[in-house]
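As you go down the protein sequences, you meet chains X and L in turn.
Numbering-wise, the first sequence is residues 25 to 313 according to the numbering used here.
Numbering-wise, the second sequence is residues 3 to 295 according to the numbering used here.
Please keep in mind that the hints were generated in silico from the structure rather than gathered at the bench.
Please note that a few of the clues may not be correct.
Unchecked claim - Negatives, chain L to chain X, calculated, CB over 12 Å: (1) Ser142; (2) Ile170; (3) Glu198; (4) Pro256; (5) Glu289.
Stated by the list, open to error - Listed next, the stretches of chain X that the computed footprint assigns to chain L, with coverage defined by at least 3 CB atoms under 8 Å from CB atoms of chain L: (6) 70-84; (7) 221-231; (8) 235-242; (9) 288-298.
Just so you know, these numbers come straight off a predicted model, no measurement behind them.
Where is the CB? At the ideal position from N, CA and C, for every residue including glycine.
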Amino acid sequence: MSVEEALEVLKLKDTGEVSFSEKVFASMVRRAKIRFNYKTWIIFDFANTFFMVLTYFLLAFIITPEDISRAGYGPSYFAFALVGIAISHYVTASLRSLSMTIRLEQFYGTIESILSTPTSFIVLFLGDILYFFLYSTVFLVLILWLGLLLGAPIVISIETAFTLVVLVVLLMLSNLPIGIASAAMVLKFKQGNPIGWALTWINQFFAGTFFPITLLPEELRAISFILPLTFSLDAIRYSLIWGVGLLHPRILGDIIYMIVYAVVGYPIALKIFNVVYDDARRGGGLGAY
Amino acid sequence: MTDEIAEVMKVFYDREVRKGSFLTRALASLYYQLKILASYKMHIALEFLDITLSVLIYYFVGFLVSPQALSSLGYSPDYLAFAVLGISMSRYLWTSISRLARKLHHEISEGTFESLVAIDTDNFKSWLTGQVIYGFTWSSMWFVGTLAVGLFLGAKVVCDFLLWVQAIFILILTIVVHVGIGIVAAGMYIKHKQLETMLFFLSLVMEFFGGVLYPLSLLYNYRILYYISILLPFTHGLEMFRRTLMDGWSLLHPRMIFHMAFLLLFLPLIYIGFKVFERYLNMARKEGILGAY
Numbered sequence: 025m026s027v028e029e030a031l032e033v034l035k036l037k038d039t040g041e042v043s044f045s046e047k048v049f050a051s052m053v054r055r056a057k058i059r060f061n062y063k064t065w066i067i068f069d070f071a072n073t074f075f076m077v078l079t080y081f082l083l084a085f086i087i088t089p090e091d092i093s094r095a096g097y098g099p100s101y102f103a104f105a106l107v108g109i110a111i112s113h114y115v116t117a118s119l120r121s122l123s124m125t126i127r128l129e130q131f132y133g134t135i136e137s138i139l140s141t142p143t144s145f146i147v148l149f150l151g152d153i154l155y156f157f158l159y160s161t162v163f164l165v166l167i168l169w170l171g172l173l174l175g176a177p178i179v180i181s182i183e184t185a186f187t188l189v190v191l192v193v194l195l196m197l198s199n200l201p202i203g204i205a206s207a208a209m210v211l212k213f214k215q216g217n218p219i220g221w222a223l224t225w226i227n228q229f230f231a232g233t234f235f236p237i238t239l240l241p242e243e244l245r246a247i248s249f250i251l252p253l254t255f256s257l258d259a260i261r262y263s264l265i266w267g268v269g270l271l272h273p274r275i276l277g278d279i280i281y282m283i284v285y286a287v288v289g290y291p292i293a294l295k296i297f298n299v300v301y302d303d304a305r306r307g308g309g310l311g312a313y
Numbered sequence: 003m004t005d006e007i008a009e010v011m012k013v014f015y016d017r018e019v020r021k022g023s024f025l026t027r028a029l030a031s032l033y034y035q036l037k038i039l040a041s042y043k044m045h046i047a048l049e050f051l052d053i054t055l056s057v058l059i060y061y062f063v064g065f066l067v068s069p070q071a072l073s074s075l076g077y078s079p080d081y082l083a084f085a086v087l088g089i090s091m092s093r094y095l096w097t098s099i100s101r102l103a104r105k106l107h108h109e110i111s112e113g114t115f116e117s118l119v120a121i122d123t124d125n126f127k128s129w130l131t132g133q134v135i136y137g138f139t140w141s142s143m144w145f146v147g148t149l150a151v152g153l154f155l156g157a158k159v160v161c162d163f164l165l166w167v168q169a170i171f172i173l174i175l176t177i178v179v180h181v182g183i184g185i186v187a188a189g190m191y192i193k194h195k196q197l198e199t200m201l202f203f204l205s206l207v208m209e210f211f212g213g214v215l216y217p218l219s220l221l222y223n224y225r226i227l228y229y230i231s232i233l234l235p236f237t238h239g240l241e242m243f244r245r246t247l248m249d250g251w252s253l254l255h256p257r258m259i260f261h262m263a264f265l266l267l268f269l270p271l272i273y274i275g276f277k278v279f280e281r282y283l284n285m286a287r288k289e290g291i292l293g294a295y
């Protein structure tokens, strides 16, 4: 789909001429076309991840595996950290893609024009999320492949691959409410990056991206259990390290938590977003930068 | 506050006021940038949160690191101190290399670069100096914040006044060398544009090969990677900085002399940097592409 074709689809009113999914797809193409204009940034993103994997590969040589084993993740710190790095793009996608979209449109002064088109913001959001999901999936595959090359003891089979796909979708769905709430904050405070960074750091720290949460003092560990990422990470790690599927009790437990987060989180996040959005529209500050 | 900034900017563009020294104008440039920063209070608060959490991550990773393994590689067995010193210094690396080019990118994309250069060369240089100092003020806040959080969490560093002076000297020398690279890059940016990512990439490579989070000796098993790492000035700066504050080595230690000699080899970069920058600036002026984005 060319840029012109994508824009034509987005211009059409919801009269049945074009389906909802076609519009979402066009919106995804729009985001991909914009992002792929900045090829050097994409190369930088890959390089950054590549060096991160190498850093943790080297760091693993001086790490004793006892605490990792005690937390149930086997004897390899590299495998533990590798999974953390591999899914960090999904975390960024679910937590920051919406706020980044709003911030960019605010920055370029296009947010008001976008909102006045026949295409709803939800379509644009879904298109963006779909783009980031696919982009993160490319990263996931490359990182796991690089990890295997460097000798990470992870199990890739049909069962674990299928489990991974289901868990990654659940990860996105359960974390997205936080992303929606953060987008509302960007709309209100007009501060894109700091909120996104803070959310990413908080999640990475408390969910145990680089160390098992069993190391945290009990009071801090309580915060870990508020974050859906903790359960997503646990399930994905457990499946890839031990080669088990969706029906394993530990993974099933994590899945239930993620579903609960999604079910409870969406109405709250959407309510927050709607209140802030209506407030900004009424106050005329939607496009203010 | 806008009025206050306008008052400060008079130092640059108002013919009546434009009598201040180079330093006054550089400080005015720094002041106006700090004023802008101060208006983003939430940004500052979240930056401090970022500092705290980034140190806390390595505090907990430190529990996993084997002190014996770190000792066997020739370091003190405190991984928290190791990581904190690496993280705090790496921030300067990013600032030194990419701050100026980023600022130029900002001014060019906002369409204000031509007016800045049009003032006159001396004013432009003082503006540039102010921007560099601002970059380092911000990085220094990061540096001090990271060290403070690290020390609060129990990172063990030496408490000798002279060794701290030595560490700061090493830090400044490392920054100066890398600012040279940054000025060359900023000059090239005026003409070639789109270099920002390359600079980030360069900083990333230097950060990885410098061993910010792992001991360099681990690279002995991968000879090519090891040779690349010792060819980069940051590796030597960081190694000296760590050895000073973790192990109390003086500059007379044979290995410190080796690292210092290597770092000094790169010192002429600062002079070359200014020459290259001036050359590109004049070239862009003649070709009329100063404001081209």
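Status of each hint after checking the structure:
The beta carbon of serine 142 of chain L is kept farther than 12 Å from every beta carbon of chain X, the shortest such distance being approximately 19 Å. Its beta-carbon lying about 27 Å from the closest one in chain X, isoleucine 170 of chain L satisfies the requirement of being farther than 12 Å from that chain. The claim that glutamate 198 of chain L lies off the interface is violated: its Cβ sits roughly 8 Å from the closest Cβ of chain X, which falls inside the 12 Å cut-off. Listed as outside the interface, proline 256 of chain L is consistent with that label: its C-beta sits roughly 25 Å from the nearest C-beta of chain X, beyond the 12 Å cut-off.
Every CB of chain X is more than 12 Å from the CB of glutamate 289 of chain L (nearest about 23 Å), matching its label as outside the interface. With 7 residues carrying a beta carbon less than 8 Å from a beta carbon of chain L, the stretch 70-84 of chain X meets the three-residue requirement, and the given coverage holds. For the stretch 221-231 of chain X, the assignment as covered by chain L holds, since 6 residues bring a beta-carbon within under 8 Å of that chain's beta-carbons and 3 suffice. Three residues within the 8 Å Cβ limit are the bar, and the stretch 235-242 of chain X against chain L gives 3, so the coverage statement holds.
Three residues within the 8 Å Cβ limit are the bar, and the stretch 288-298 of chain X against chain L gives 0, so the coverage statement is violated.
Comparing the model with each numbered hint stated earlier shows that hints 3 and 9 do not hold.
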